[in-house]
Amino acid sequence: MSVTSETLAPPATLRPLAWLRKNLFSTWFNALLTIVSLVFLYFVLAGIVRWVFFTADWSPVTIAPLLFLVGQYPRDQLWRPALSLLMCVFLIGLSWAIWERYVKAFAIFLGVLLGVLALIPLETPTITLGVRAVFLACPLLISLAFWIGRRSAVKGQHVGTLWLLASILITLVLLPGIRSIPGLSAVATTAWGGLLVTLLLAIGGIVLSFPIGVLLALGRRSSLPVVKIFSILFIEVIRGVPLVTILFMFSIILALFLPAESRIDRLLRALIAMVVFSAAYTAENVRGGLQAIPEGQVEAAKALGLSNFHITAFIVLPQALRLVIPNIVGQFISLFKDTTLVVIVGINDLLGIGNAVLNLRPEFVRLQMEVYLFIAIIFWIFSYFMSYASLELEKALGVGER
Amino acid sequence: MSPSTRTRSNQQIPFWRDERILNAAAQTVSAVVILTLLYLGIANFLEISQQRGMPLTYGFLDDPAGFPITESYIPYDPTMSFGRAFMVGLVNTLVVSVVGIILSTPLGLFVGLARLSSNWLVNKIALAYIEFHRNIPLLVLLFLWYFGVFTRLPGAKESLTLPGPIYVNQRGLYLTWPRLTETGGIFLASVIIGVLLAILAWIVLRRIRETQGRETYFGRVSLAILILFPLIGWFVSGGEPLQLDEPALQGFNFRGGLRMSPEFSALLIGLTTYTAAFIAEVFRAGILAVRKGQVEAARALGLKNNHVLSLIVIPQALRVVIPPLISQYLNLTKNSSLALIIGYQELFAIGKVTINQAGRAVPVFLMVMATYLLLSLLTSVLLNIYNKRVQFVER
Numbered sequence: 001m002s003v004t005s006e007t008l009a010p011p012a013t014l015r016p017l018a019w020l021r022k023n024l025f026s027t028w029f030n031a032l033l034t035i036v037s038l039v040f041l042y043f044v045l046a047g048i049v050r051w052v053f054f055t056a057d058w059s060p061v062t063i064a065p066l067l068f069l070v071g072q073y074p075r076d077q078l079w080r081p082a083l084s085l086l087m088c089v090f091l092i093g094l095s096w097a098i099w100e101r102y103v104k105a106f107a108i109f110l111g112v113l114l115g116v117l118a119l120i121p122l123e124t125p126t127i128t129l130g131v132r133a134v135f136l137a138c139p140l141l142i143s144l145a146f147w148i149g150r151r152s153a154v155k156g157q158h159v160g161t162l163w164l165l166a167s168i169l170i171t172l173v174l175l176p177g178i179r180s181i182p183g184l185s186a187v188a189t190t191a192w193g194g195l196l197v198t199l200l201l202a203i204g205g206i207v208l209s210f211p212i213g214v215l216l217a218l219g220r221r222s223s224l225p226v227v228k229i230f231s232i233l234f235i236e237v238i239r240g241v242p243l244v245t246i247l248f249m250f251s252i253i254l255a256l257f258l259p260a261e262s263r264i265d266r267l268l269r270a271l272i273a274m275v276v277f278s279a280a281y282t283a284e285n286v287r288g289g290l291q292a293i294p295e296g297q298v299e300a301a302k303a304l305g306l307s308n309f310h311i312t313a314f315i316v317l318p319q320a321l322r323l324v325i326p327n328i329v330g331q332f333i334s335l336f337k338d339t340t341l342v343v344i345v346g347i348n349d350l351l352g353i354g355n356a357v358l359n360l361r362p363e364f365v366r367l368q369m370e371v372y373l374f375i376a377i378i379f380w381i382f383s384y385f386m387s388y389a390s391l392e393l394e395k396a397l398g399v400g401e402r
Numbered sequence: 001m002s003p004s005t006r007t008r009s010n011q012q013i014p015f016w017r018d019e020r021i022l023n024a025a026a027q028t029v030s031a032v033v034i035l036t037l038l039y040l041g042i043a044n045f046l047e048i049s050q051q052r053g054m055p056l057t058y059g060f061l062d063d064p065a066g067f068p069i070t071e072s073y074i075p076y077d078p079t080m081s082f083g084r085a086f087m088v089g090l091v092n093t094l095v096v097s098v099v100g101i102i103l104s105t106p107l108g109l110f111v112g113l114a115r116l117s118s119n120w121l122v123n124k125i126a127l128a129y130i131e132f133h134r135n136i137p138l139l140v141l142l143f144l145w146y147f148g149v150f151t152r153l154p155g156a157k158e159s160l161t162l163p164g165p166i167y168v169n170q171r172g173l174y175l176t177w178p179r180l181t182e183t184g185g186i187f188l189a190s191v192i193i194g195v196l197l198a199i200l201a202w203i204v205l206r207r208i209r210e211t212q213g214r215e216t217y218f219g220r221v222s223l224a225i226l227i228l229f230p231l232i233g234w235f236v237s238g239g240e241p242l243q244l245d246e247p248a249l250q251g252f253n254f255r256g257g258l259r260m261s262p263e264f265s266a267l268l269i270g271l272t273t274y275t276a277a278f279i280a281e282v283f284r285a286g287i288l289a290v291r292k293g294q295v296e297a298a299r300a301l302g303l304k305n306n307h308v309l310s311l312i313v314i315p316q317a318l319r320v321v322i323p324p325l326i327s328q329y330l331n332l333t334k335n336s337s338l339a340l341i342i343g344y345q346e347l348f349a350i351g352k353v354t355i356n357q358a359g360r361a362v363p364v365f366l367m368v369m370a371t372y373l374l375l376s377l378l379t380s381v382l383l384n385i386y387n388k389r390v391q392f393v394e395r
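Chains as they are written, first to last, in the numbering used here: chain A, 1 to 402; chain B, 1 to 395.
Everything labelled a hint here was simulated from the structure, so no lab data went into it.
Each hint should be verified, as a subset may be incorrect.
Claimed, not checked - Restricting the straight-line Cα-Cα distance to at most 25 angstroms, the calculated cross-link-like pairs of lysine to any residue (SDA-like) are:
#1 A:K228 - A:T128
#2 A:K22 - B:L127
#3 A:K228 - B:N23
#4 A:K302 - B:W16
What the hints assert, rightly or not - Not everything, but these chain B residues come out facing chain A in the computed CB check (under 10 angstroms):
#5 N23
#6 I102
#7 S337
#8 V381
Unchecked claim - What follows is a set of in silico ranges between Cβ atoms, one per label pair, in the way DEER data are often shown:
#9 A:V39 - B:Q250: 32 to 40 angstroms
#10 A:I48 - B:R291: 51 to 59 angstroms
#11 A:A292 - B:E19: 48 to 56 angstroms
#12 A:R101 - B:A297: 33 to 41 angstroms
#13 B:F67 - A:P294: 51 to 59 angstroms
#14 B:L374 - A:L268: 30 to 38 angstroms
#15 B:R291 - A:W163: 52 to 60 angstroms
#16 B:L116 - A:Y42: 19 to 27 angstroms
#17 B:L374 - A:I48: 39 to 47 angstroms
#18 B:I192 - A:Y42: 42 to 50 angstroms
All C-beta atoms, glycine included, are put in the ideal place defined by N, C-alpha and C.
All chains, please: the whole structure from these sequences, using the hints.
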C-alpha cells in the first residue's frame, strides 16, 4: 500500500531540508554516493566552465555565422532563405497557439534564441543590418502569430494546411535548386549548405519516408505474395546494411544503373537515400502497430460492409499509427541525426560546413573541439525538443499506460 | 447453398469487382512493374559496364591490392590480394564491434542502474549522460573524440599517465597488458579446459537436478572447476605463465604493452559511450518491466533474496532486455562503418579504397553490402532462437 500513499503525497509540500534528506541522504550509502557525485560534478563543471570561457577560442564559430546557417548560398539571394525562415517562424507561432503542449517550449526557445542572436555584437561584415532585422523580426512574428492563433476562428486544420502550402512554396519557389522558375534565378544546390541543408534533408526525409514506410508495412502484411516478398526483401536488406553504404550506393553506384542522360542532383540523391533508409525503419515500426490491432476490428469493419481500402484507411491505420507514434518520432530523431552522414558523400551540411570552416585559416587547425561542440549543441537542441514533444504526445495519448 | 443461387451470385459480381480476379490483377501488375524496373536497371548497368570494360566478375580479388593498411590483426602487406585486404577490413570491423559490445554493456548497465537510483543527484547525472549522447549524431561524437581529443594530445615525451599505468599521447593509447611467457601455453590450455568443463558440469548437473529432483550443487561444482583448473595450470607451468608487459618510453616512442592507435581508440570510445546511453535505457526499461508484485509474491512464497533476483527478476527482465539489446549490438556494428571518416580502416573504408584501386565499383560494393547483411542475418537468427527459448510459451 506504500505505493498509493507515495503517489498521493504531493511532492511540493516537502521543505528543502526534508527533500534533501529524502533524496540525497536517506542512508549512509546514499550520502556517500551524493558526496562522490558532488565531487565528480564539481570537477567536471569547473573544467567545462574554465574551458568554455577562458581556454576555448570560439573565433571559427563567430567569424562566419552565415556559413553555418546557409553555406555558400549567394549573398544577394539571401532574402529567399530569410523569407522561408520568417514563414516557418510565423507558422511555429501559430502551432504554439494550437498545439501548445508540444510546441510551446520550442517556440519560446526559438524566439528568445533568434532575438538574442540578432543583438549579439559580432564584428563580421557578413552580418548586415538586414540579417539582424530578420532575426529580430522572428520573436515578434512568433508572438504575433501566437496572438492570431489564439482566436477561436483558427483551427488545427488551417495551420496544417498552411504548413503544407509553406513547405511547397519553400521547396519550389524560394529554394529552387533544381528547376528555374521565371523571375527567380536558380541557385545550384552545390552552393547550399549548413543548417539549411541539414533541415531540408531531415524534414524532406521525414515527410517523404513516412508514407512510403506505411505502404511498405502494409505491403509486408499483404496477401499478395509478390508485394509481400518485395516488401520483406526491401525492408530487410535496407535494415541490414549501414546508412553509409546506402548513401554511397545512391550517390555513386546509382549513376551506373541509370541512363547517362538522366542525371539527378547530388543533394536529391542524398535525400533519396535518406528516404529509402528511413522508410524501411518506419515500415517496421508501423508493422508493430498493425500487429497490435486485434483481428476483431477488421472483422467488425467487414461485417459493416466496408471495402478493404476503407478498412485499412479508416479502421486499422489510425489505431496502429497512434500506438507507434513514440517509436516513429524516435526514428525521425535518428533520421535527423543521421543527416550528418551526407558529409561522407561530399555535401556541405552543418557538419560539412564545420569541416570547411576549420580549413578557412591555418590558425583554426587546432580548434576542432570548439567547432564540433558548437555543431553538437545545435543538433542537441533540435533533437531534445523533438523528443520532448514525443514524450508529451505519449502522455496525451496514454500509450505508455497500457 | 443451392447451385442456382451460386450461379446467380456469380452473375451478380462483375469481374472488375471479383476479389480473386482483382487479386490476380494486382499481383500481375506489381510483378510486371517491379520486374520491369529491375530489368531496365540491370540491362542499363550491363550495357554501361560493357562500355567501360568493368564486367561483374570477381577475378580481380586475386590481384595484388597495392595499398597499405595501417592496422591489421592478420598478416598483410600491399603485395597481397584484394581478397586479403577485404578480410583485413572484415576482421577490423569485427574487432572494434566485439570490443565495443564488451565495453558498452557493463557501462550501459551501470548508467541504467544509476538512472534508477533513488539518489536524486546520481539519477540526474545518469540522465544528463543519456540525454547528451542520445541527442547528438554519432558522427559528431566521433569527430569530438578524434579531432577534439586524440589529435590534440601531447607527444610521446609529455604523454599523460593514467592509473594502470596507461599512457596516452598523440600516437595512441598504451596499455599495460598481460602477455603469455614460454610456459604460458599450458596455463592457457588449462583455462580453456576449465571453462569448458565448468559449462559441461553446469548443464549435466542441472539437468540431473531438474529430472531427478536431487540437489546436485551445480553452481558450486562449476565454480570449483572454474577456479581449480586454471590454478593447477598456473602451478604446472612453473608459477609464471603471465607477465605484465608495461609500456616504456624508448627514444621518441613507447615500446611494449598494448598499443591502440588514436583512430581505433577514438572510434572505440565514441561507439562505446554512444551505444551505452541506448543500452542504459534498454536495461532501465527491462528492470522497470518486472512488476513489484512479482518480487512481493516471491518473498511471500519464502524465496531468499538471491533466489528472488536469480529466479524471478532477472529471467523476466532479460526477456524484455535481450531483443533490444541485440539490436543495439547490431547498430554498433553497423555504426562502425563511420570509422572511414576518422581513418580507421574497417570493412567499408577498405571497400572504398578497393573501388578506387581496382576500379570495380559494383562487385566490391555488392560484397560489402552482402557482408553487412550476413552479419545482421546471423545475429537475428541467433536472436530468434534465443527469443523462442525465453518467451512465454503461452500468454
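Going through the hints against the structure:
1. A threshold of 25 angstroms between alpha carbons decides the hint, and for K228 of chain A with T128 of chain A the separation of about 56 angstroms lies outside it, so the pair is violated.
2. Between K22 of chain A and L127 of chain B, the direct Cα distance comes to roughly 19 angstroms. Compliance with the 25 angstroms bound is thereby established for this hinted pair.
3. In summary, the hint linking K228 of chain A to N23 of chain B is supported, as the alpha carbons are separated by about 13 angstroms, within the 25 angstroms threshold.
4. Among the hinted pairs, K302 of chain A with W16 of chain B is consistent with the structure: their alpha-carbon atoms are about 19 angstroms apart, no more than 25 angstroms.
5. For N23 of chain B, the suggested interface contact is upheld, since its CB lies about 6 angstroms from the closest CB of chain A, less than 10 angstroms.
6. Against a cut-off of 10 angstroms between C-beta atoms, the interface hint on I102 of chain B is violated, since the closest Cβ of chain A lies about 21 angstroms away.
7. Hint on S337 of chain B holds. Least Cβ distance to chain A is approximately 4 angstroms, under the 10 angstroms limit.
8. Using the Cβ-Cβ criterion of 10 angstroms, the hint placing V381 of chain B at the interface with chain A is not satisfied: the shortest such distance is roughly 12 angstroms.
9. With their beta carbons about 37 angstroms apart, V39 of chain A and Q250 of chain B fall inside the hinted range of 32 to 40 angstroms.
10. As the Cβ distance of I48 of chain A to R291 of chain B is approximately 40 angstroms, the hint placing it in 51 to 59 angstroms is violated.
11. Against the hinted window of 48 to 56 angstroms, the Cβ-Cβ separation of A292 of chain A and E19 of chain B comes to about 26 angstroms, which falls outside the hint.
12. At about 38 angstroms, the beta-carbon gap between R101 of chain A and A297 of chain B stays in the expected band of 33 to 41 angstroms.
13. Take F67 of chain B and P294 of chain A: their Cβ atoms lie about 58 angstroms apart, and the range 51 to 59 angstroms holds.
14. Taking the beta carbon of each, L374 of chain B and L268 of chain A are about 31 angstroms apart, inside 30 to 38 angstroms as hinted.
15. Distance hint check for R291 of chain B and W163 of chain A: the Cβ-Cβ separation is about 42 angstroms, which falls outside the suggested range of 52 to 60 angstroms.
16. Separation of L116 of chain B from Y42 of chain A is about 24 angstroms and conforms to the stated range, judged on CB atoms against 19 to 27 angstroms.
17. A hinted range of 39 to 47 angstroms holds for the C-beta pair L374 of chain B and I48 of chain A, which are about 43 angstroms apart.
18. For the pair I192 of chain B and Y42 of chain A, the supplied restraint of 42 to 50 angstroms holds, since their beta-carbon distance comes to about 47 angstroms.
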